[in-house]
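Asker: Please put together the full structure from these sequences, using the hints given.
2 protein chains.
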Amino acid sequence: MNDTTRATARELISKTRARITPARVDILAALLGAQRPLSHLDIQELLAPGLDRVTVYRVLDWLTAENLAHKLSGDDRVWRFSAAKAPHHHAHFHCQQCGRFYCLEDVKTDLPVALPKSFIADSVEITVKGICADCKSA
Amino acid sequence: MNDTTRATARELISKTRARITPARVDILAALLGAQRPLSHLDIQELLAPGLDRVTVYRVLDWLTAENLAHKLSGDDRVWRFSAAKAPHHHAHFHCQQCGRFYCLEDVKTDLPVALPKSFIADSVEITVKGICADCKSA
DNA sequence: CAGAGCAATGCAATAAGGTTGCGTGACAAT
DNA sequence: ATTGTCACGCAACCTTATTGCATTGCTCTG
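For the record, the sequence lines run as chains A and B. Per this note's numbering: the first sequence = residues 119 to 256. Per this note's numbering: the second sequence = residues 119 to 256.
Note that these hints are calculated values from the structure, not bench results. Please note that a few of the clues may not be correct.
One copy or two, it doesn't matter: identical chains are merged, so the pair holds either way.
Stated by the list, open to error - Cut-off 30 Å, straight-line C-alpha distance, at most; resulting in silico cross-link-like pairs (DSSO-like, lysine-lysine): (1) K247 to K189; (2) K254 to K235; (3) K133 to K235; (4) K247 to K133; (5) K203 to K235; (6) K226 to K254; (7) K189 to K226; (8) K254 to K133; (9) K254 to K189; (10) K203 to K133; (11) K247 to K203; (12) K226 to K203.
Answerer: Set out below in structure tokens:
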């Protein structure tokens, strides 16, 4: 979480015309700097303690509402968030052992899907489940 | 939940060499007869009351372990289960309004995915999110 | 520059969904 | 019939996330 990242975060937040608070900058910077989607717990551990659980949840929700972050659901009942740098059209990998998520930038989710009549698609989520390299070698 | 479905359920369970109990038969039959993945709550409502919450959870876990059912995660923190009639290689639709899941039999999940080195894929889950026909017309 | 107004935070309590421990009852094999 | 194991029910508990409410602190107007 270097200064450049924090500056980028601050700039992105300023575009929303909402308040630029330390919590928002810290959390968005954490997401921007991460190589993978982070859970609420990941973020709490990454950031200095002293930031309330609820605040983290609220900031994450706010970021999602402002389209600065994307919320995705794993099969462990935990939300993961990733910074919405570009339109978020790629798949994810979920390691069943360590629980970490990885972005599969190469696998696009904008594939054409044949839906039943009158169904409206909003977004497509693709999750590959398996074992990641770290866990395999361990 | 007709008798044929129950007979099929009983037969599938007998193949596991485990005990054929009413709870197992009822729940598997419910899954077999359903057009869509069912949540734990769906099942409880479908079945006559008197069956314990925990028993339902345990039977569902057991069915999953025996590969008679598949567990899938929505973004509402609720497990959904579907009978594993055939290998379960199709996508699902999740209505963001009513929360129901639908099977998209036509959309296959056995697409080739390019994984990073040393990653091992186990299964692929594709979920389309949007509004279903029922909710749209309402 | 003071003060009003509102957005953001922290703390505590609560909700929802799922899981664990343990005693009891039922079935199967001997 | 006896014994061992498997399944069930009940109660308690855990985790993750959300809500209510009081307080803080920024911002903007006058």
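Asker: Between K247 and K133, at a C-alpha cutoff of 30 Å, which is it: within one copy, between copies, both, or neither?
Answerer: Result: close only across copies, 28 Å inter versus 36 Å intra.
Asker: Could you place K189 and K226 in one of the four classes (within, between, both, neither) given a Cα distance threshold of 30 Å?
Answerer: Cα proximity of K189 and K226: in one copy and across copies (17 Å, 24 Å).
Asker: Indicate which option fits the pair K226, K254 if close means a Cα-Cα distance not exceeding 30 Å: within, between, both or neither.
Answerer: Intra 25 Å, inter 27 Å, cutoff 30 Å: intra and inter.
Asker: Between K254 and K235, at a C-alpha cutoff of 30 Å, which is it: within one copy, between copies, both, or neither?
Answerer: Classified as between: cross-chain Cα gap 11 Å, same-chain 43 Å, threshold 30 Å.
Asker: Tell me, please, which holds for K203 and K133 at an alpha-carbon limit of 30 Å: within, between, both or neither?
Answerer: Within one copy only: 14 Å inside, 51 Å across.
Asker: At most 30 Å between CA atoms: does that hold for K247 and K189 within a copy, between copies, both, or neither?
Answerer: both (18 Å within a copy, 13 Å between copies)
Asker: Could you figure out if K254 and K189 sit no more than 30 Å apart (CA to CA) within one copy, between two copies, both or neither?
Answerer: For K254 and K189, the Cα distance is within 30 Å both inside one copy (27 Å) and across copies (24 Å).
Asker: Evaluate K247 and K203 at a C-alpha cut-off of 30 Å and name the case that applies: within, between, both or neither.
Answerer: Cα proximity of K247 and K203: in one copy and across copies (24 Å, 21 Å).
Asker: How would you classify K203 and K235 at a CA-CA limit of 30 Å: within, between, both, or neither?
Answerer: Cα proximity of K203 and K235: across copies only (25 Å, versus 33 Å in one copy).
Asker: For the identical chains here, do K133 and K235 meet the 30 Å Cα criterion within one copy, between copies, both, or neither?
Answerer: neither (38 Å within a copy, 38 Å between copies)
Asker: Under a CA distance limit of 30 Å, which applies to K254 and K133: within one copy, between copies, both, or neither?
Answerer: neither (42 Å within a copy, 33 Å between copies)
Asker: Between K226 and K203, at a C-alpha cutoff of 30 Å, which is it: within one copy, between copies, both, or neither?
Answerer: both (15 Å within a copy, 29 Å between copies)
Checked against the numbered hints given earlier, the structure breaks hints 3, 8 and satisfies all the rest.
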